[in-house]
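Participant: Read off the chains here:
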Amino acid sequence: MDFALTDEQRLLQESVGRLFADHYAFGARNRYRQEPEGWSHSMWQRYADLGLLGLPFDESHGGSAGGPVETMIVMEALGRALVLEPYLATVVLAGGLLRLGASDAMRVDLLPKIASGDLILGFAHAERQARYHLSDIAVGARRDGSGYVIDGAKSLVLHGDSANKFVISARLGGGQHDRDGVGLFLVDAAAPGLSTRGYATVDGLRAAELALTGVRVDEGSVIGPPGAAFPLIERAVDMTIAALAAEAVGAMAAMHELTVDYMKTRKQFGVAIGGFQVLQHRAADMLVALEQARSMAMLATMMAPEDDVHERRQAISAAKVQIGRSGRFIGQQAIQIHGGIGMTMEYSVGHYFKRVTAIDTLFGDADYHLGLLAESGGLVAA
Amino acid sequence: MDLRFTPEEIAFRDEVRVFMREALPDAIRAKLIEGRRLVKDDLVVWQRILNTKGWAVPHWPTEWGGTGWSPVQIYLFRDEMQQAPAPEPLPFGVSMVGPVIIAFGNETQKKRYLPSIANLDEWWCQGFSEPGAGSDLASLKTTAKRDGGDYIVNGQKTWTTLAQYADWIFCLVRTDPAAKKQQGISFLLIDMKTPGITVRPIQTIDGGHEVNEVFFDEVRVPAENLVGEENKGWDYAKFLLGNERTGIARIGISKARIRRLKQLAALEQAGGRPLIADERFRCKIAAVEVELKALEMTQLRVVAAERTRNSNKPDPASSILKIKGSEIQQTISELLLEVIGPYALPDPIPHDDGERWNEPPIGPDWAGPLAPQYFNMRKTSIYGGSNEIQKNIIAKAILGL
Chain Y
1 MDFALTDEQR LLQESVGRLF ADHYAFGARN RYRQEPEGWS HSMWQRYADL GLLGLPFDES
61 HGGSAGGPVE TMIVMEALGR ALVLEPYLAT VVLAGGLLRL GASDAMRVDL LPKIASGDLI
121 LGFAHAERQA RYHLSDIAVG ARRDGSGYVI DGAKSLVLHG DSANKFVISA RLGGGQHDRD
181 GVGLFLVDAA APGLSTRGYA TVDGLRAAEL ALTGVRVDEG SVIGPPGAAF PLIERAVDMT
241 IAALAAEAVG AMAAMHELTV DYMKTRKQFG VAIGGFQVLQ HRAADMLVAL EQARSMAMLA
301 TMMAPEDDVH ERRQAISAAK VQIGRSGRFI GQQAIQIHGG IGMTMEYSVG HYFKRVTAID
361 TLFGDADYHL GLLAESGGLV AA
Chain L
1001 MDLRFTPEEI AFRDEVRVFM REALPDAIRA KLIEGRRLVK DDLVVWQRIL NTKGWAVPHW
1061 PTEWGGTGWS PVQIYLFRDE MQQAPAPEPL PFGVSMVGPV IIAFGNETQK KRYLPSIANL
1121 DEWWCQGFSE PGAGSDLASL KTTAKRDGGD YIVNGQKTWT TLAQYADWIF CLVRTDPAAK
1181 KQQGISFLLI DMKTPGITVR PIQTIDGGHE VNEVFFDEVR VPAENLVGEE NKGWDYAKFL
1241 LGNERTGIAR IGISKARIRR LKQLAALEQA GGRPLIADER FRCKIAAVEV ELKALEMTQL
1301 RVVAAERTRN SNKPDPASSI LKIKGSEIQQ TISELLLEVI GPYALPDPIP HDDGERWNEP
1361 PIGPDWAGPL APQYFNMRKT SIYGGSNEIQ KNIIAKAILG L
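Those protein sequence lines, which keep their order, are chains Y and L.
Per our numbering, the very first residue in the first sequence carries number 1; after that it's consecutive.
Per our numbering, the very first residue in the second sequence carries number 1001; after that it's consecutive.
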């Protein structure tokens, strides 16, 4: 039992910390958001140069074979800097699906391109009716000669308007909610029959709706076992939730620090408002919520690679509950303590608040995961 | 970063678990599971079983009976003991005055007091709070005036837990009335049999008798019973209170209480099915389980950090453990109240000696102790430095406000 980082991990933490301190001040972020795709290609290249884009991939695939702890370190830094780039979508989520489920040929082809910054990926999975139910998939894939034809609509594809390729989930068999019968396919963004409608999300990031009309893919585009890819999706999503938990902790810590600093400098009634006990206790409550969230982000990180699916899913759900609740509390209080300035677009705290709000809605909110946890018997065996 | 315990730590945990299963008397275990009150003898019996095993005071230096365990081992030991569930050793001796005597007492005092604390041959209570000195402890007024080889103690202590059984009381007393608040306080050991001491019970809202008032009227205490230096008592008290908070999360106890909660929720019927099948109730349990898991991880982070930090000073993070640990205990006690529904209503039948919870209850067998326990648990956010005081500590020591 050990919570310390290795020397290499500390080095990684320092270098990403420096990168964002140098290049991702709040003003710079606003400029990146104005770029054509809503994020910075020059930053993306810096991530590649620093080895961040290949972090979880094998050395033979242009990566550095980092584990969940390395991802946690990077994601926490991303959260602190409110990073706009498609790191989660490309490296963690779709990259995770390829890393865990793609054929050797596909991995050799694609993972080095992700690592070098030349390939942006999106995971097209969610659908309008599915809410948070991961196995609710109506988009269908039917066999056609040696390949497949995919029809239907995908929604809320993170950074889908920037993606060069998509990993798309589609149903090959079974009922709409079944875990069985799910397949994953790699589809080029320019594939005939695929149209993309991009839009901004409330947190300043990007997403897209996808319409698929008779989209053809060949045999070589299949990822994981056709019809039995759901466990792979679950694994990649669990890793993504762990990564999001770390990002949320970064954002919460930044909000808490901003708030405490503000309390030390903002004067009313002739004194710094940090001298008022009612606000001191609020800041203490925020710290308790932050540390509880940090603890659960660490738990999620360490449990993400766990092979026992029941144990893993319980820990991930518990972490998502804690992250959602802590994020909401810290975000709301950070705005409240800042007062009017916290309500303005020109000040950073509100943007952190919006990011943690967005994170709660990704891959199941706190209530949804609480329900899953309760359903599965809870954490303490009776 | 690694969540797993080492094979040695797992072997240690298993050894403790087996010991708890085999050595803990069934009658004591049953009382704790059901939430019934322990009597003095239960604690004495258990402490002596621990002492025979050599596990009475694991955190003390080895020369005084400590085990030399790592912080992780001490954590595992406590967790297993709480989950058994076994009684927690009376804290006033082993966790409070014992460590103070070890750190600041002289050799004579160590030889005189430590062995009898470890074996619970002598029962200690804590004389800190006064009617006018609760959270503002340093405003205490009980005085000790030097008179030849003695101190003469006058004043009143209150909220003195289990003083009705106590052989000794350790007291904060004012030895220099002219000095500033925190200065001028001394740490004195007082024999409860000394003439001039009166103990008066205070009945708490759960109907129990845990706490007392202790009055001192011209009580003559030998000067050799002073711990450390005169007028330095406040430093020793801060040391003691810091120690008190590190073990205060009570995660193992909360796990055992949740286990009980789930068992009772499976037994209680609601609308023709077990209460545990009710999604809303299950979600309430799951919510507190998440909080508890997070707290357990936070506690483990503090334990892991203990290995590297100079651990003579308490980690301010222990305030987080106190706040969250007490809130969780209270939430579980709420759910244990809710689990019996209307059978929270009958007041458990009083008994001559105040052992109210040991009578057969009205309604289900398990109902009796649960409402009193809910009332009793309100104390957890008050004692050990109230949660508001903990937030003051966080604001000052961690946030720099």
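Incorrect hints may appear among the rest.
A few chain Y residues facing chain L, derived, Cβ under 7 angstroms [stated by the list, open to error]:
{"id": "1", "residue": "L258"}
{"id": "2", "residue": "V288"}
{"id": "3", "residue": "A318"}
{"id": "4", "residue": "L379"}
None of these hints come from the bench; they were simulated from the model.
No residue lacks a Cβ here, since even glycine has one placed at the ideal position from N, Cα and C.
Participant: Would you mind marking each hint as holding or not holding in the structure?
Facilitator: Taking the hints in turn, this is what the structure says about them:
{"no.": "1", "hint": "L258", "verdict": "13 angstroms, violated"}
{"no.": "2", "hint": "V288", "verdict": "5 angstroms, holds"}
{"no.": "3", "hint": "A318", "verdict": "5 angstroms, holds"}
{"no.": "4", "hint": "L379", "verdict": "4 angstroms, holds"}
In summary, the one numbered hint that this structure violates is 1.
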